[in-house]
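J.: Each chain is listed here by its residues.
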Amino acid sequence: MSPILTISGLHKSFGELEVLKGIDLTMQRGDVVSLIGSSGSGKTTLLRCVNLLEDFEQGSIELAGEKIGYREDGAGQRRRLSEREVARQRAMTGMAFQQFNLFPHMTAIRNVMLGLIKTKKMPKDEARAVAEKWLERVGMAARSDHYPGQLSGGQQQRVAIARAIAMNPQIMLFDEVTSALDPELVAEVLAVVRDLAVDGMTMLLVTHEMRFARDVSTKVVFMHQGRIHEEGTPEEIFGAPKTERLQGFLANSEI
Amino acid sequence: MNYDFNFDVIWRNWELLAEGLGLGLFLAIVSIAIGCGIGLLAAFGMLSRHKILRWIAGGYVSAIRNTPILVLILFCYFALPQLGIALDKISSFIFTLSIYAGAYLAEVFRSGLMALPKGLREAGLAIGLTEFKIKTNIIIPVMFRNVLPSLSNNFISLFKDTSLAAAIAVPDLTFYARKINVESFRVIETWMVASMIYVVACYLIAWLLRRLEQRLAVPR
Numbered sequence: 001m002s003p004i005l006t007i008s009g010l011h012k013s014f015g016e017l018e019v020l021k022g023i024d025l026t027m028q029r030g031d032v033v034s035l036i037g038s039s040g041s042g043k044t045t046l047l048r049c050v051n052l053l054e055d056f057e058q059g060s061i062e063l064a065g066e067k068i069g070y071r072e073d074g075a076g077q078r079r080r081l082s083e084r085e086v087a088r089q090r091a092m093t094g095m096a097f098q099q100f101n102l103f104p105h106m107t108a109i110r111n112v113m114l115g116l117i118k119t120k121k122m123p124k125d126e127a128r129a130v131a132e133k134w135l136e137r138v139g140m141a142a143r144s145d146h147y148p149g150q151l152s153g154g155q156q157q158r159v160a161i162a163r164a165i166a167m168n169p170q171i172m173l174f175d176e177v178t179s180a181l182d183p184e185l186v187a188e189v190l191a192v193v194r195d196l197a198v199d200g201m202t203m204l205l206v207t208h209e210m211r212f213a214r215d216v217s218t219k220v221v222f223m224h225q226g227r228i229h230e231e232g233t234p235e236e237i238f239g240a241p242k243t244e245r246l247q248g249f250l251a252n253s254e255i
Numbered sequence: 001m002n003y004d005f006n007f008d009v010i011w012r013n014w015e016l017l018a019e020g021l022g023l024g025l026f027l028a029i030v031s032i033a034i035g036c037g038i039g040l041l042a043a044f045g046m047l048s049r050h051k052i053l054r055w056i057a058g059g060y061v062s063a064i065r066n067t068p069i070l071v072l073i074l075f076c077y078f079a080l081p082q083l084g085i086a087l088d089k090i091s092s093f094i095f096t097l098s099i100y101a102g103a104y105l106a107e108v109f110r111s112g113l114m115a116l117p118k119g120l121r122e123a124g125l126a127i128g129l130t131e132f133k134i135k136t137n138i139i140i141p142v143m144f145r146n147v148l149p150s151l152s153n154n155f156i157s158l159f160k161d162t163s164l165a166a167a168i169a170v171p172d173l174t175f176y177a178r179k180i181n182v183e184s185f186r187v188i189e190t191w192m193v194a195s196m197i198y199v200v201a202c203y204l205i206a207w208l209l210r211r212l213e214q215r216l217a218v219p220r
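Listed in order, the protein sequences are those of chains B and A. Numbering-wise (UniProt numbering), the first sequence opens with residue 1 and increments by one. Numbering-wise (UniProt numbering), the second sequence opens with residue 1 and increments by one.
Don't take every hint at face value.
Heads up, simulated DSS-like pairs for lysine-lysine below, C-alpha to C-alpha not over 27 Å straight-line [to be verified]:
hint	chain 1	residue 1	chain 2	residue 2
1	B	Lys67	A	Lys133
2	B	Lys120	A	Lys160
3	A	Lys133	B	Lys121
4	B	Lys133	B	Lys120
5	B	Lys67	B	Lys121
6	B	Lys118	A	Lys89
7	A	Lys135	B	Lys121
8	A	Lys133	B	Lys133
9	A	Lys118	A	Lys135
10	B	Lys133	B	Lys67
11	A	Lys118	A	Lys179
12	B	Lys118	A	Lys160
13	B	Lys120	A	Lys179
14	B	Lys67	B	Lys242
15	A	Lys160	A	Lys133
16	B	Lys121	A	Lys118
17	B	Lys118	A	Lys179
18	B	Lys124	A	Lys135
19	B	Lys120	A	Lys89
20	B	Lys124	A	Lys179
21	B	Lys120	B	Lys67
22	A	Lys160	A	Lys89
Restraint-style ranges between C-beta atoms, simulated for each label pair [unchecked claim]:
hint	chain 1	residue 1	chain 2	residue 2	range
23	A	Ala18	B	Ala180	51 to 59 Å
24	A	Ser62	B	Gly149	31 to 39 Å
25	B	Pro123	A	Ser62	43 to 51 Å
26	A	Leu80	B	Arg71	32 to 40 Å
27	A	Ile56	B	Ala180	19 to 27 Å
These aren't lab readings, by the way, just hints derived from the structure by calculation. Each residue gets a CB set at the ideal place from its N, CA and C atoms; glycine is no exception.
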């Protein structure tokens, strides 16, 4: 089976500061990979590279057999793809953000429908049906006519997840989706993510919830200073960390 | 002070005053509509990555904002025809008021755009929207709702500025008031009534716009 996502030799700098120093990562369909590590280790940047919210200077990302973001021209020069191409490739990934980023002037269902109508060119009725289905799935059907400002953080995040996943992406990216939530709201969002994982959705997630990472992941990747420092199954990473760095990190994290 | 107030001449001419008020409102509405378009373009210009666009938009905004509006009105009406751009009085005034409003609204929109969270654009990108669709479907509608109170203030200012149209003999409320004044010599009565009409009109506009703001505001 060919991998759904292949990241090879990925380098990324913000000016002088190199935040990703050669990342190699492969995911199969149905994999749930958690990226853990202290802040500044590059895990969020890596996630943002996968849906081209960040550009990168070196290396390649292949998604469902297609190189994303860049192509090589005849002279072997690396060129950024056109905006339209990039937009199409972005729609192959779904992203849920730490700050939810719902569109505040649209109801929950409108938020979910927008991409279906504008990107997928779906007729309105069909888009509404798809949106209803996914809002139902995340337990938000009863609030589909509420505006984001009328919803709790946990509810907003569930709508945001529905918005991303309704686009039928090849892979879902979760960027610390519970970090901005009050503690009592974390569980409802994690339940939704877990539900998707059980359902076989391919997911790459950045998280600080170690217990959750251990429960849902097929693989856990520990990042440190822009590199993959250690990776393995949840049992290996949490049960028998090899490197001192990971042992230290886990000792300071709540499990 | 012995002054016999006599409002007869004003009541006899109320139709003219109403007509003038109506024209003033019309001028303000058309100008703010065009001004919003210009202001939006200028705001995006000022925030553009391209130096030349920033330059053009910034130059326009400071040039207009640092020129008295009366001078602009006279320039457009008397000087532009010499340069081959001849507009009739009303078109010339709408043109002037629109570019004037555009410059002020550009600043309003620019700060509105800068205040939007970066995540909105990224969320749009993440669902595969192009920059243009993000602007038209998300950025502009959200920004517009956020700046509605400033927009209302600008509209009221603009409505009051229509009184300057009298300077080029556009028959607005001020124009007719002056006419009545000249013909009747009822100085105090004329300008008192004209002022009152402006006050009441502005008050009503403000009230209407506040209701509109409430209806359009982002619910929370």
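J.: Is Lys133 of chain B close enough to Lys67 of chain B, meaning Cα to Cα at most 27 Å?
T.: 32 Å, violated
J.: So if I understand the rule, the pair passes when the alpha-carbon distance is 27 Å or less; does Lys135 of chain A with Lys121 of chain B pass?
T.: 18 Å, holds
J.: Hint check: Lys67 of chain B vs Lys121 of chain B, CA-CA at most 27 Å. Holds or violated?
T.: 24 Å, holds
J.: Take a quick look at whether Lys118 of chain A and Lys179 of chain A sit within 27 Å of each other, Cα to Cα.
T.: 55 Å, violated
J.: Is the straight-line distance between the alpha-carbon of Lys118 of chain B and that of Lys160 of chain A 27 Å or less?
T.: Distance of about 42 Å is beyond 27 Å: violated.
J.: If you draw a straight line from the CA of Lys160 of chain A to the CA of Lys89 of chain A, is it 27 Å or shorter?
T.: Measuring from Cα to Cα gives roughly 18 Å; hence the hint holds.
J.: Cβ-Cβ distance between Pro123 of chain B and Ser62 of chain A: within 43 to 51 Å?
T.: 48 Å, holds
J.: Regarding the pair Lys67 of chain B and Lys242 of chain B, is the alpha-carbon distance no greater than 27 Å?
T.: 33 Å, violated
J.: Verify the CB-CB distance for Ile56 of chain A and Ala180 of chain B against the hinted window 19 to 27 Å.
T.: 40 Å Cβ-Cβ, so the 19 to 27 Å window is violated.
J.: Taken at face value, is the distance from the CA of Lys121 of chain B to the CA of Lys133 of chain A at most 27 Å?
T.: Holds, because 13 Å separates the two Cα atoms, which is no more than 27 Å.
J.: Would you mind confirming whether the straight-line C-alpha gap from Lys120 of chain B to Lys89 of chain A stays at or under 27 Å?
T.: 50 Å, violated
J.: Do the alpha carbons of Lys120 of chain B and Lys67 of chain B lie within 27 Å of each other, as the hint requires?
T.: Given pair Lys120 of chain B, Lys67 of chain B holds - Cα atoms ~21 Å apart, limit 27 Å.
The earlier numbered hints that this structure contradicts are 2, 6, 10, 11, 12, 13, 14, 15, 17, 19, 20, 26 and 27.
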